[in-house]
Amino acid sequence: MTVIDNHEAIGQEGVRLSEASARDFFELLKPRVMSLVVFTGLAGMVMAPGHINPFLGFIAILCIAVGAGASGALNMWYDADIDAVMTRTATRPIPAGKILPQEALAFGLVLSAFSVCILGLVINWLSAGLLAFTIFFYAVIYTMWLKRSTPQNIVIGGAAGAFPPMIGWACVTNGVSIESIILFLITFLWTPAHFWALALFKMRDYGAVGVPMLPNVSGEATTKTQIVIYACLTAIIGVVPTIAGFASMAYGAFGTALGLGFIWYSIGVYRMPEGDERMLPAKKLFAFSILYLFAIFSALMIDHLVTTLWLTAGKVA
Amino acid sequence: MDLVTLTPAQKKSRRGRNIALGVVLFGLVVLFYVVTLIKFSNGMVQ
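Taken in sequence, the protein lines are chains B and E.
Quick note on the numbering used here: the first sequence kicks off at 2 and runs consecutively.
Quick note on the numbering used here: the second sequence kicks off at 597 and runs consecutively.
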């Protein structure tokens, strides 16, 4: 039995007691997005010059993941109205009726505060400040402002998803350098082509809820051109680590091949007939873009580890 | 004071949430304990 006092959860239909499971709350954290954030944050940490205690490094990654998840929960709280209409998001915990919006808000705020404070206390306050800014940028600048007001929403808002490697770098060095800005730019310039590919085959969904995505506002032709432009920019920034001298020629060759693949798939989208119902090239580009980001950051980490081992072996010999 | 009886589904979900909270709290205790040890040992080395 449970004691109930005067509470807003008690409505005309009786007591509203939650049936939300721990899994539902985990779903609020957008685990798939979180995995990308963890991965790029880890890449920034691995590539940074210097050393971090492995356990502290683990906590840093955990804080980055929880902070990213918290911003996801805040996004779901604010966007619950449009999530309920779109097929892709209608089964999320709030529109599905499993979690109340105010529960998601409290969950997001508490996790934001915890992740930032623990990162600051355990690692350093620069990385904590960057994490706090990332959460603010995603929840307020992107979700509350840009998303519903401009078709350039994901171009600017994409910065939120691009910060993790910079935070990972700052965790080790307690600073921001040109290398970490290049890592930031890889995800930042990758985001528009990735999201607009999705927006093309989910155009009707976004149109139904009035979110001004580029295909709905400027049309398919403009979106396809923009996708090719951003794919080219992504391919260029993908090889900059070699040009800037913090990745090897082997990475440069691999990055070039991946970049050419990205451009190839974007040209496939460009050549897609207007009004194509299946949008197969857009779906292929979307799938490849996810592979691209994982592959490019994996290659950067492997390249850095191999180079470090090589240099260490050389010194010993 | 009113009392309500929870349904089996509500009891099950509440139990799940309580276990998850317990695990998180225990994890935080371990985390702060190990971090303190690491910070202390670093201080002693310096």
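One or more hints might be untrue.
To be verified - Heads up, simulated DSSO-like pairs for lysine-lysine below, C-alpha to C-alpha not over 30 angstroms straight-line:
1) K316(B) with K203(B)
2) K607(E) with K99(B)
3) K285(B) with K31(B)
4) K203(B) with K148(B)
5) K284(B) with K203(B)
6) K316(B) with K148(B)
7) K31(B) with K607(E)
8) K99(B) with K608(E)
9) K148(B) with K607(E)
10) K285(B) with K99(B)
11) K316(B) with K31(B)
Stated by the list, open to error - Residues on chain B that point at chain E, a partial pick, calculated with CB under 8 angstroms:
12) S19
13) E20
14) S22
15) V34
16) L127
17) G130
18) A133
What the hints contain is simulated information worked out from the structure, not anything from laboratory work.
The structure displayed is predicted, hence computed values, not measured ones.
Backbone N, C-alpha and C fix where the C-beta goes; we use that ideal spot for every residue, glycine too.
Tested hints:
1. K316(B) with K203(B): Distance of about 55 angstroms is beyond 30 angstroms: violated.
2. K607(E) with K99(B): At roughly 15 angstroms apart (the allowed maximum being 30 angstroms), K99(B) and K607(E) satisfy the hint.
3. K285(B) with K31(B): holds, 22 angstroms
4. K203(B) with K148(B): holds, 15 angstroms
5. K284(B) with K203(B): Judged against 30 angstroms, a Cα distance of about 10 angstroms means the pair holds.
6. K316(B) with K148(B): Answer violated: K316(B) to K148(B) is near 52 angstroms, above 30 angstroms.
7. K31(B) with K607(E): holds, 26 angstroms
8. K99(B) with K608(E): holds, 14 angstroms
9. K148(B) with K607(E): Answer violated: K148(B) to K607(E) is near 39 angstroms, above 30 angstroms.
10. K285(B) with K99(B): violated, 33 angstroms
11. K316(B) with K31(B): violated, 45 angstroms
12. S19: With Cβ-Cβ at 7 angstroms, under 8 angstroms, it holds.
13. E20: The hint holds - E20(B) has a Cβ within 8 angstroms of chain E, the shortest such distance being about 5 angstroms.
14. S22: holds, 5 angstroms
15. V34: Hint violated; V34(B) Cβ to chain E Cβ min 21 angstroms, cut 8 angstroms.
16. L127: violated, 18 angstroms
17. G130: violated, 20 angstroms
18. A133: violated, 20 angstroms
Comparing the model with each earlier hint shows violations of hints 1, 6, 9, 10, 11, 15, 16, 17, 18; every other hint is respected.
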